[in-house]
Each structure stands twice: as C-alpha cells, then as structure tokens.
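*Asks:* Produce the complete structure using the sequences and hints provided.
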Amino acid sequence: MSPRKVVVLGYGMAGARLADEIRRRDPQGDLVSLTVIGEEAHAAYNRVLLSAVLAGSMRPDTVRLHETGWATEHGVDLRTSVTAVRIDRDGRQVKLSDGSTVDYDALVLATGAKPWLPPVEGLVQDDGTPARGVVAFRTLDDCDRILDAAKVGAPVAVLGGGLLGLEAARGLAGRGNLVTVVHPAGHVMERQLDAGAGQVLARSLAEHGIDFRLGTGAARYLPGDGLKLDDGSKVHADLVVVSAGVRAETGLAVDAGLEVDRGIVIDDALRTSDGRIHAIGDCAQHPGTVSGLVEPAWQQAAVLAGLLTGTDVAGRYRGTQVVTKLKARGVDLTAIGDAHAEVGDASAEVLCLTDPTRGRYTKLVIREDRVAGAIMLGAPDAAATITQLYDRGVPVPTDRLAVLLGRALPSGASAASSPADLPGSAVVCRCNSVTKARLVEAFRDGATDVTELASVTRATTGCGSCRDAVCGIADWLATTA
Amino acid sequence: MTLTAEPQVTVATHCPYCALQCGMSVSGTTVAPRQFPANGGGLCQKGWTSGSLLTSPARLTSPLVRVDGELVPAGWDDALDLIARRLTEIQGEHGADAAALFGGGGLTNEKCYLLGKFARVALGTSQVDYNGRFCMSSAAAAGNRAFGLDRGMPFPLTDLAEADAVLLVGANPAETMPPFMQHLRRAIDTRGLIVVDPRRTPTAEQAGLHLAPAPGTDMALAMGILHAVVADGLLDQSYVDERTRDFDAMWRIVARWWPERVERVTGVSAEDQRCAAERLAKARNAYILTARGTEQHASGSDTVSAWINLALALGLPGRAGSGYGCLTGQGNGQGGREHGQKADQLPGYRKIDDPAAREHVAGVWGVPAESLPGPGRSAYELLDALGTETGPRALLVFGSNVVVSAPRSSHVAERLAALDLLVVADLVLSETAAMADVVLPVTQWAEEDGTMTNLEGRVLLRRKAIDPPAGVRTDLDVLNGLATRLGQPGERFPVDAETVFTELRAASKGGLADYSGVSYDRLRAGEALYWPVPDVEHPGTPRMFLDRFAHADGRARFAPVEHRGPAEAPDAEFPLQATTGRVLQHYQSGAQTRLVAELNDVVPEAYVEVHPDTAARHGLAHGDIACVRSRRGETTARVHCVPSMRPDVVFLPFHFAGDGRANLLTNPALDPTSRMPEFKVCAVNLSGGDS
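Keeping their order, the protein sequence lines are chains A and B. Residue numbers for the first sequence follow this note's numbering, so the first one is 4 and each next one is one higher. Residue numbers for the second sequence follow this note's numbering, so the first one is -18 and each next one is one higher.
I should point out that these hints are in silico values taken from the structure, not numbers from a laboratory. Take these hints with a grain of salt, some might be off.
Unchecked claim - Output of the computed footprint for chain A on chain B, the stretches with three or more beta carbons under 8 angstroms from beta carbons of chain A:
| no. | segment |
| --- | --- |
| 1 | 153 to 167 |
| 2 | 231 to 240 |
| 3 | 248 to 262 |
| 4 | 307 to 320 |
Everything numeric in this text was worked out from a predicted model, so none of it was measured. Glycine included, every Cβ here is placed at the ideal spot set by N, Cα and C.
*Replies:* As structure tokens, then:
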C-alpha cells in the first residue's frame, strides 16, 4: 500500500507543527508522503518569539522552528519561496506559482492570516503594500524592516493597542525608541480587558516610556513626518508599525468554492466543506476558538496528524480555552476567559482589586464555583494559580482573597517573635522533634547554653536551622530565671 | 574476683540510613555524631536513635521456615539446605532464569558485588535487579547520556557551601537528610536557594524562591527556565561551543517552550521562571541538584536530561565551584548501582552486553565469559513476572521490602504469593519477610565491616562495633553458605568483607567506577577517596569533568527531550493527583524506623495531606480517616489539612504497611530508559473512610 499523499499549504507555525506531528507518528513515511509549500524563503520560525527578536533579546536564527536539513532528514518534500495559486478539487491537484503541480489525497490549508491595514490615507500604496516607512508587524522580514528603520532614539508610532501592538511597543521602547501607541478604542486590549485594567496597563507601560493616544484613530500618514490623527493632533514618527489585527488568508479557499466566513469554516475533524480538504491555524474558523493564538493551532495540528496518519481516527478538536499572556518585559498580564462581568453582576461572583500606583489590577469572575474569567495584571503568582484552576476546572478555594492576591508570603521568621509567646508544644527542632517544653526542662536541669542544650536534647544537631531559635530560648530563660 | 565491665570501645563509623552517611561514633549500642565533612557533627533523629535497633526485641535471631503455613524457627544448616535444594529443583525443572535475586541500595559494596556474582556464577541467572531502580536510576541514565558517566555528585558535597545559588529539584533534604542543609547555608542566607516542589515542604520554606509545578510537569518547567536563559541573553555561549554538543537540536524543542506557555502547563509564573534563570546565571557559584521528586516518573530520565540541559546552558558542570548533581537516597545508592546487582551491569559500572567487560569480569571470577548470562529484567518487570508462565519461580530478596516500596503493591504481593520459593534475608520480619518461605536473620551495620559509597562518590568504611546476636549471620556468610551448597568452591564467595573488597577492586579495575586503588588500609587511615581511584598511589577524584567529560570526544551532550506529562491524567472518576514522598522520622519502607519508638511516636501512621477545601468538599475534616483510591487499589490514611497544598493534589508518605501503603495507589508505568516507575503522580479520588 503506497502512503497517502498529504499536501500542506503553509510553512508557518501551524503547517510546521503539523509536519512535526505527522512525522512523530510516522517517522519513516510509511503512512503519509508529505509535501509542504511555504511562501517565505526561510525555514519556519516561531512567530510568538518575534517580539523577543524585536526587543533584541533573540536573534532571528534562534526563533527558527526547524534546522537546515530538517526536511531531508524527515522525508518531507519542502518547497519554499513558492505559493499555491489554485486548487483543483476534482483533479485533487494544487497548482503552484512556479508552474508545477502537486497531487493530493488530503490537502491541508495552513495559510495563516495577513495583517489588516486600516483605511488611513497614505498608509497603503496603490499595489496594496504598505507605504515607505510603514511596516506591518507579522513576519520575520517585518522584524528586519522595523529594526532597520527604527534607529535607537527614533520616534515610532504603533498603530493598534492590541496584544501584539503592545508587545511591539514594549520591545521598541526597550531598544531605546520613543514609542507612541495610537488606538481608536477607549482603552488598550479592549477585547480581553475591561476599562479599569486597560487604564492600569497603559499606566504601567507609560512607566516604560510609551505614550498613548487612545480613543482616536489615524487619519493620514505623512511620510517622513508621522501620523495625523482623527482628533487633529499629530504623532511624530520616523516609522509606523501597524498592528491593527489580521484577516484570515482565505483566497484559495474562496476560489475553490469552500465555505468561508471570517475564516475557512471547519468542523471538529478539522474538515472544510470538502471532506478531502482540511484547514488549521489562523486561516481556519472553528466555533470553539478565537484566531490569532498559537495554542489552538498546535492542538489542531496534533488532532489532524492523528487523523491523517490513521493513528487516532477518533481524535476530535473541541476548541481551546483562551488564556492570553502579554509578553512585555516588566509587565505581567494574563487575561482568562470572559472577564467583562462587572462587580455587582448578579449572575456571577466578581472580585476586583485595583492598585494603579503599583501597576496591579486583579479581577476574578467566578460562576458555579469555577473560574469563568480573570484579569491578572502585576500579579504573576495569582495569575499562574488561577490559570491552573481555570484549565483544570478545579473549584476555586473558599479563601477567595488569598486566590486573588496569589501565593501567601512565608510567615515571618519565628526567631523574631518572643520565645515567651511560643506554646510549650511547639516543635523548635524538627530534625529531632524537640519541643520548646523539652528545651525549658533541659535548661532547668542545668543545660544553660546552646551547646549543652544540644547535647542533652539533640536540638540543632540536624539541619541546624533552629540554632537561632534555640539561642533565643536560652537567652530568654537566662533573663527570666 | 570482681567482674568489671570491659571498657567500651568507641568505633568511628557511619549512619545506617541515607546516602549522606553521616559520621557517627558507636560505643556499645549508643551512637553519637562525630565530625565528618558530610554532616559536620550533626545527626537527625533517625541517626540519633539508630542504636536502638541493635537491641530491638523485633530482631530476628533464628532462621524461619514456613511449615504448614506458619513461619517456625529452624537451624541454619536446615534452612540453607532447604533453599539450595529447592533452587536446584526449580532451576532443574524450569531453567536457570527460574531463580531470581532482588538486592538493595542500602547494602554494602561488598554485598552488592557478591550478590551480582552469586546470580551470574552460582545461579547462572540473568534475573537480578534491585530497589535502586526505584531510587536514582533516572538520574543515572540521564547522567550517563549527558556526561558519559554517572556519579551522583561529581564534586565534594562541601563545595556547595560556597554556592550562592542552588536549584533543588524534587528534593526535600530538610526532612530526608537534615544535616545536608548546613551546606546550603550560604545559598539560604543570600536567598539563592531555589526549590522546585509541588508541595511547600520544610525545604521549600527555607527557599528564596519556591517554584511549585503541578505534579509531572517538571520537564516543561526546566525548559521554560532554559528558554528564559537564552531569551534573556544568559546563555554561556563559549562553554556551549567548547564543552558541549547538540545544543541546536535541543534548542529547536526548547524554543517552543517559552515561559508563558510553560506557565500554563506548570502553574509556575513566567516571572518566577525568569527570576530563577537570572539568579542561577548571575551567581558566582551555582548548582543544580535533582532528586526523587523529578526522577520518579515514567519520563524521569528525560526530565533529568532537561535539568542537565539547563545546567549545561549555564555552563555549570565540570567547573570548579559549580555543577550538576543527583542527591542519591539510599545509604549505598551510589555504590549499589556500580558493582553488578543491576540487571544490565557488571562490576565497575560496566555493561553486561559489552564483550570486553564480560571478558574482564569473567577473568576475575575464574569462569568463561560465555558462561555469564546477558541482561535480565528490570526491578518492576522482574516483580511483575514472578510466578508467571515465563517468569522466575524462586526469588531471593536481600535488603529490600518490596511489598511496601514497589509500585502497585497489591499486585506485587500477588506475584510474590505465586512463587514456588521466596527467601528473604533481613534483620527484622519486614512485610516482605512475613510472606517468605524461608527467612534468614542477618547482621546490621554496626555488627559487620563493609564499605559504602556516599552521595558524592566517596568510599567510606563502615566498621564493626559490636558482635551480632547469636544466631545471626552476615549476608556474605549467607551467600557463601548457599553458593557452596550449589556446588561452588567456598573461596569464590568469601565471607570476609575485606577479602571481597579486594576482589571487587580487581573486578572494577579499568571500569568507569574504578575502585582498584581503594584499600581498607587507605580508608582506615582516613583518606578521602572519591572514585575513580585507578591505582593505590592515585589520590582519588573529588571533582570530575574539570578538563573533559567522559564521552570519547570529551564533550557533554545536550539531550533533545520533549515534555510528555504524567502517564495517567486526572479524569472525572479520579479527579485528584496523588504524589508520594518521605517524612523526617522514617526511612524508606519504614521496616526499621517503625520499630523505633522515639520515631514512630512522632509519625505513627499513614496520613494524607489535603487542601482544607478539598477535604471539606469530600466531607472530611482534619484527623478523619480517608480512603484514597486509584485504578490499582485503595489506601487508608488520616487526613492532614494543609492550606499550602494545591486543591487538586494530595500527598502520602510511603513508609507505612498494610492498608496504609501509599504504593497500593502508584502507577507502574515505566520510564523507557531507566525503567523507573511513576511513583510521583497518579490519578486518585478521595472519600470518607467508612464509605
């Protein structure tokens, strides 16, 4: 039996992951012969880490997902710098931009998404590409362009105050650029955050040197000068970085007559309206998830690899619970589920704590004793714990305030409290189970310093961490004797 | 004439329990700590009270033979004759591999060595393994993979005192080896102690940073910290270039584990991961030390590899004042894995399938190399096969209490019961001995000579301080008695420890763990000998890898390992995760420490630590008796409400017998490389004890 011909259109995070997952289940290619078509010239890279490249903490070659030679080593027919131009569903064939064709038994669309450029005068050239001095923040090449254009100290405008826009802004500010974020909504990251959290976040980012123009869009791009805003003000910028959202890349699917809404519509088996064609990642639209995040794409890739190799034909993708983390140095933000419910909402238990001066805002929305949503800003421990409660569906501990505040701090050093206050039954030396009462008794019997107390009771002879406490007790007894 | 008591001789020796092997003096049956680098004059409660077992009424002083279902006293000759006859019959009928041996990591080097030789030469069986599989086998596998050699700590323990950052992973030495903590004093005082443990243990309480991953997610955590090392520019690039290989292959995997993603899997915040990376990287001297918590998983070897990857990225191993090490647990956990009681090994840490190793060892033993059997089953697989169609029919157990300490212990008990012959040598009637057909009473630490190799690879001499009770023999004596009855020349199985050691030296010569230059005389003179010691003039090797690692090219290997998570995920029926571990007052299966009143009074019974909310949801309060169930069995334990526990995790110490055995629950899923069972995480549910 010859292996099944699987063709993957797209060598980004989703496509590359799918190839990995297929080869993990079928290392020798007995089940699947795999062709991957990639538009960009270089090997697949980890888009999630582009903000680290922008921030200068990672080199471009560090974020590559595959080493040179990966395709040969794993028996993958990888074709880069080429795009698919047409899908022939009846002939089960894909036509490529270099004129060649590829036959398939199963086709996977992993074409991702393209940045959306808002209708701002002068921002886009006639051919649809960004004007000079304007870069969309999406690809590794975009990173290069931004780093080329944004000399240290140069003013940069970031158009869009969503997750990626803020990460880009933080990265550029960290490199020494003067960054202004222009965002038409009243607060940043409004998809994930309520107004209170958005304000605290903007304030925290402002402390890292980022300016904000909120509630106003850009009206016009002036090359070499910057942006003119809807409210008439101007933002001076040598470079405009656009991060105003993305649109699923659905052109091929539309042309092929597949069902397309905002993205290519797929079911739980990751099938499009043509059962031989699948879609995963940002180009796909599944009711159980939102686009733009890597976790759903990777989960979809794992399920689809099981289906395509026949190693898990019962596998289904049921959606992904959304947890959003902002990757911005010095600012820790986690947004979980739907946290837009207001304090006082009768249908939910809502707790909220605001500490803007210290950049903290924590909000917890509980329904039926489970976490339904949360915003955790400046509270990394609480965020990590609440994420676990959310992901695992564990009931929220009854001490809600402790949950909201995160890990309890270690109790104060016991040596500091007076030995007199310690109950007699308190174990002072854990290693030898020596109580305060036993030490008092030994002291009264004549063991009046630490060395003698140690030899009589064995206290301090284990790990030694109780030495100060035993000294304290000896001193206290000496003064009260 | 008045009879005066002979003046008590005080003998400098070492503690019978853990791998720290604290120096102690024994005078009669009284012990006291002595100045020794490992313990600096300290002892824990177990050590202090260890003398009481010498005179315990629970001590066995006569062989026992099962007659009509009852164990009754028998003479030594009768007992040994019986065993030899039954072994001969069983092997005659079912083949050499029908007889098996199970050893222990608490036995002296001499015993470990002679057990392996007894198996291969006197019984001709491949079926020999030991409880060290349940101890540090994952770390050993990972150490061999990375460095080409496994010595738990390839540096003296006292080097830790100069460290300003120490990452302890799945280790709770404040309870398991308290005097060890003194070496971390500087790290603790500078808040450079970082502890990775799902529980807030007494060790974690002393940490400057406590990272509490969900059970079974340690590998993801290691990768998140390593990712942060690279992302934050903390990678020791010149070390990676000059002293290691395979960084790129490893990085392609770790690149996918950025701290925010790791946070979601582990519950450890990205910020804490970065903080750990920075403290380790910026420390002048830093160490990463792993122990059972991160090793006792079905992915234990790969998990340790992930921690070693981190150590290599930081440039720690093979540098004076820094390093990676494994905290070996059992008294002779290090030496026990070097001298041939392991299914795939020959003395000197040699591989049994290496023709040159077979040739060398067979030469020392005076037998043809082709007569030596090949590799046998690993510990759990061996226990699992007992009494089955293809498995062993007879088992001899030395220094191990598998009914309590092995995973899925009800099944292990069934397998033992299915044997045609079970022989147990022990000092007390352990739970395993109670099932035996023949029980042989043997000496304990202060009653015999022998060497131990502690957690830092230092060979120590444990000396005889008192005579054993009448009727008790040494394990070496037992092996000699059996071997001669099986037709072996007596001199092939010496009963004198020093004579056995002399032979061990020759057998280990040229191996990775080369003891040939270690002698009783040098040890008596107080020399600090860390293996390898290739000749009698050699000063030993306190610090390994300073110039090169043990692979042929001298470089350490990064391992491209991927996170897998627990073998058994929680589900609707078993929604909680159980993790198992130790308490200060007990040692391993508790067979010894449960008999010491001073220890047992403090922790007298099995208990389960539960978050108070979780207890309340199950209708349980502090002090109630709970039933904890898994797919493999159920155990009964008293509820301890502990607010610092994760609400979805419970903890049970495994030292208790009968219905309180934590290992009734545990999952025998095995690590593919080390064959380590998954002791540290399994899915359970909780209910009231009466239901």
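*Asks:* Compare the structure with each hint and give your call.
*Replies:* Cross-check of the supplied hints:
Counting residues of the segment 153 to 167 of chain B whose CB lies closer than 8 angstroms to any CB of chain A gives 9, so the stated coverage by that chain holds, three being the minimum. Residue count for the segment 231 to 240 of chain B with a Cβ under 8 angstroms from a Cβ of chain A: 5. That meets the three needed, and the coverage hint holds. Counting residues of the segment 248 to 262 of chain B whose beta carbon lies closer than 8 angstroms to any beta carbon of chain A gives 6, which meets the minimum of three for the stated coverage. Using a Cβ-Cβ cut-off of 8 angstroms, 0 residues of the segment 307 to 320 of chain B lie near chain A, which falls short of the minimum of three, so the contact claim is violated.
Checked against the numbered hints above, the structure breaks only hint 4 and satisfies the rest.
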